[in-house]
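Residues per chain, in single letters:
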Amino acid sequence: MRNLTIGKWLSLASVAAVAIALPYIVPSFFVNMATQMLFLGLFALSINLIAGYAGMVTLGQAGVLGIAGYGIAIAYSRLDFSLGVSALLAILSTIVVAAFFGLLLVRATGVYFLMITLAQGMVVWGVAQRFTVLTGGDNGLRGISRPPFATEYWAYYYFSLLVVAVCVFLIFRIVRSPFGLSLKGIREAETRMPALGYDVRRIKLLAFVVSGTFAGVAGLLLVMYNNFFSPPSVYVKASAEGLLMSILGGVGTITGAFVGSGVFVFVTNYVSGFIERWPTLLGLIFVLTILFAPDGIVGSWQRLVWAPLLRRFGDAEAAELIEIEAGGGGLLTGGEAKGVRPDPETDSVTSVTPESTAERQSRQ
Amino acid sequence: MTPTKEALLDVESDRTDTGGDDGPPVLRLREVSRHYGGIRAVNEVSFDVAQGERRAVIGPNGAGKTTLFKMISREEPTTKGSVEFLGHDITRTPAHRVARLGLSRTYQITRVFPSLSVLENVVLACQGLRRGSFQMFNSAMGRKSIVDQAEEAIDTVGLRRGAKTPASELGHGEQRQLELGIALAQEPKLLLLDEPAAGLSAAERGLMRDLVRGLPPEMTVLLIEHDMELALGLADYVTCLHNGSQVAEGTPDEIRNNERVRDIYLGQGD
Ligand SMILES: Nc1ncnc2c1ncn2[C@@H]1O[C@H](COP(=O)(O)OP(=O)(O)OP(=O)(O)O)[C@@H](O)[C@H]1O
Ligand SMILES: [Mg+2]
Chain G
3 MRNLTIGKWL SLASVAAVAI ALPYIVPSFF VNMATQMLFL GLFALSINLI
53 AGYAGMVTLG QAGVLGIAGY GIAIAYSRLD FSLGVSALLA ILSTIVVAAF
103 FGLLLVRATG VYFLMITLAQ GMVVWGVAQR FTVLTGGDNG LRGISRPPFA
153 TEYWAYYYFS LLVVAVCVFL IFRIVRSPFG LSLKGIREAE TRMPALGYDV
203 RRIKLLAFVV SGTFAGVAGL LLVMYNNFFS PPSVYVKASA EGLLMSILGG
253 VGTITGAFVG SGVFVFVTNY VSGFIERWPT LLGLIFVLTI LFAPDGIVGS
303 WQRLVWAPLL RRFGDAEAAE LIEIEAGGGG LLTGGEAKGV RPDPETDSVT
353 SVTPESTAER QSRQ
Chain E
14 MTPTKEALLD VESDRTDTGG DDGPPVLRLR EVSRHYGGIR AVNEVSFDVA
64 QGERRAVIGP NGAGKTTLFK MISREEPTTK GSVEFLGHDI TRTPAHRVAR
114 LGLSRTYQIT RVFPSLSVLE NVVLACQGLR RGSFQMFNSA MGRKSIVDQA
164 EEAIDTVGLR RGAKTPASEL GHGEQRQLEL GIALAQEPKL LLLDEPAAGL
214 SAAERGLMRD LVRGLPPEMT VLLIEHDMEL ALGLADYVTC LHNGSQVAEG
264 TPDEIRNNER VRDIYLGQGD
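Chains as they are written, first to last, in our numbering: chain G, 3 to 366; chain E, 14 to 283.
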């Protein structure tokens with residue numbers, strides 16, 4: 003137990019130290035990559051919040067991000083609001099749109115749910131393409147600036163680091179809160195939730211709004227980073243990439259989103275300079291992850307490296323906790339599927355001998 | 014002994030003769046029916062359950078017992094008829110509201126939260142009935158009164174306190190205990206148990222029987238059970254369903270000696 007806490011604080015401290023020292027130790031190219039990793043990671047994390055924690059896989063989150071992106075771009079460059087006011091308006095409109103799509107989404111499950119999330123992305127993309135007076139169509143919108151105190155590449159990196167750190171802290175609290183536990187309940191056994199007193203639709207709606215807000219913040223950071231926003235940023239491909247990042251890193255984990263976005267940014271920005279077929283490489287990485295490490299990089303790391311290490315130092319309880327956490331995602335490995343349940347068709351169950359019950363209890 | 018008149022189905026008359034029912038019934042079913050296309054899964058079932066009563070619902074496979082429970086907990090709409098709980102007509106009330114009125118249930122097929130720990134499973138149950146399940150910035154496992162309530166329920170059903178084990182790693186018997194713990198933690202006024210002993214070994218069945226026996230006397234319990242002896246041993250009153258219809262109602266003794274019940278059970282060799 004103590005080892006686990008110490009280990010966690012040590013990792014957090016070293017990550018923070020590296021993050022703060024980064025602009026002093028690597029050239030601007032890599033600092034910019036880190037900035038991208040931060041806001042794409044936040045985007046992946048916003049998907050993870052509903053896909054990984056609540057078990058609702060979405061393919062339309064880039065549409066939500068796009069509302070914030072277009073929101074700030076339009077408010078700033080077309081309507082001449084200040085950058086701060088534009089950002090605020092952008093987030094507010096993101097919340098409204100996320101709630102609107104949420105109202106449709108809470109009524110659907112399974113394939114229909116997935117279709118609506120797709121539609122959500124397509125609608126925003128379609129409007130962005132056609133409503134050229136506001137959005138500039140294919141040409142996109144230019145002329146959005148970074149905050150005056152963060153125009154330099156390193157300053158913008160620190161600015162993103164601060165914003166993302168605050169968001170991560172909030173999400174960290176949210177997934178451990180009563181609301182977060184309700185989300186996990188929906189992921190694990192949605193059909194039981196109403197009988198326990200939960201208004202599942204309301205919880206989901208709130209989840210879409212909260213997750214959408216974080217996607218919106220990621221969108222703001224993205225626009226200000228590029229000084230540009232155009233339809234590809236809201237297209238289904240962008241949504242799918244976000245989902246894949248969170249799977250790659252490990253669904254249901256917070257660090258996973260950033261590991262996933264890190265790999266993604268590394269391949270698209272760096273490896274692409276050497277390997278022409280980098281999209282194939284990216285695809286291969288995703289396929290291999292899903293086949294051989296369904297818990298993602300972080301999940302597998304915890305299971306294969308962390309847990310055995312803790313066991314070695316005689317902290318079996320901490321090791322077990324880590325393993326539970328690693329398997330906590332349940333997007334690919336499946337919440338309900340993973341459980342020991344009888345076949346619903348036959349109701350047949352293998353009965354447990356009384357010894358095994360007693361044994362387990364004494365072991366614990 | 015021959016079956017008494019009262020033991021046979023009589024949907025028209027309200028039952029007034031069971032011991033200790035003062036005040037209105039906790040549950041009142043009036044011609045409750047559920048049809049799936051042409052299948053009459055439940056057909057015009059009516060009975061009252063008084064406060065503190067232990068009533069068993071028995072019947073062979075496919076009799077409609079589970080479907081009846083789903084209509085009481087409002088997880089399934091009623092095709093016809095009405096359900097009253099504590100004097101409220103809940104025929105159209107959403108399931109989560111009914112739960113908040115004080116109704117909890119367990120499932121025939123275990124429906125725990127597999128990758129959550131035992132404690133989290135039960136905390137989730139406790140928090141569902143309280144204000145604050147939308148709170149985002151405090152810790153779910155740090156709300157002391159809820160965690161205490163949950164640990165008490167875990168104790169009651171004989172699982173280990175503070176259990177960090179994920180539910181999926183429990184054996185089947187323990188999962189059934191947890192299944193009951195989740196419902197009990199809510200301190201319901203009416204508890205619906207759908208075959209709590211399903212798939213348990215003989216020894217575990219005994220444990221489950223003792224757990225049900227030990228429930229607080231003021232709690233009203235409706236119990237589905239395949240095993241006649243177990244059911245009759247626990248209940249004050251028994252309703253027997255067959256092909257969706259209520260074929261008999263009475264005390265365990267009356268049911269034991271009811272010819273139709275005997276026919277039904279002997280007929281299918283159970
Ligand atoms: N969703 C459904 N659609 C169609 N038919 C259904 C549905 N649910 C139940 N039925 C049918 O309704 C009838 C009653 O089913 P129910 O599950 O209530 O029986 P039961 O008494 O609980 O049986 P068991 O003892 O096997 O649990 C069965 O014939 C079943 O096939
Ligand atoms: Mg049943």
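The hints are simulated quantities; they were obtained by calculation from the structure and are not laboratory data.
It is possible that some hints are incorrect.
[Said to hold, decoys possible] Derived CB-CB ranges, DEER-like: (1) G:ILE22 with E:PHE150: 49 to 57 Å; (2) E:ASP102 with G:LEU172: 53 to 61 Å; (3) E:ASP161 with G:LEU81: 51 to 59 Å; (4) G:SER16 with E:ARG226: 52 to 60 Å; (5) G:TRP11 with E:GLU242: 39 to 47 Å; (6) E:ILE52 with G:VAL113: 52 to 60 Å; (7) G:LEU290 with E:GLY246: 54 to 62 Å; (8) E:GLY75 with G:LEU116: 31 to 39 Å; (9) G:THR111 with E:GLU57: 28 to 36 Å; (10) G:ALA121 with E:TYR49: 41 to 49 Å; (11) G:ALA121 with E:ILE52: 30 to 38 Å.
C-beta: ideal position from N, C-alpha, C; glycine also.
Results of checking the hints against the structure:
The given range of 49 to 57 Å is broken by ILE22 of chain G and PHE150 of chain E, whose C-beta atoms sit roughly 26 Å from each other. The supplied range of 53 to 61 Å is broken by ASP102 of chain E and LEU172 of chain G, whose beta-carbon atoms lie about 43 Å from each other. Between ASP161 of chain E and LEU81 of chain G the C-beta distance comes to about 54 Å, which sits within the given range of 51 to 59 Å. A C-beta distance of roughly 57 Å is found between SER16 of chain G and ARG226 of chain E, which places it inside the suggested range of 52 to 60 Å.
Against the hinted window of 39 to 47 Å, the Cβ-Cβ separation of TRP11 of chain G and GLU242 of chain E comes to about 58 Å, which falls outside the hint. Taken as a hint, the range 52 to 60 Å is violated for the pair ILE52 of chain E and VAL113 of chain G, whose Cβ atoms sit roughly 26 Å apart. One distance hint, 54 to 62 Å for the beta-carbon pair LEU290 of chain G and GLY246 of chain E, holds here, with the actual separation near 57 Å. Our hint of 31 to 39 Å for GLY75 of chain E and LEU116 of chain G holds, since their Cβ atoms are close to 34 Å apart.
Distance hint check: the CB atoms of THR111 of chain G and GLU57 of chain E are about 32 Å apart, consistent with the given range 28 to 36 Å. Checked against the hint of 41 to 49 Å, the pair ALA121 of chain G and TYR49 of chain E fails, with Cβ atoms roughly 31 Å apart. Under the hint 30 to 38 Å, the C-beta atoms of ALA121 of chain G and ILE52 of chain E, about 35 Å apart, fit the expected range.
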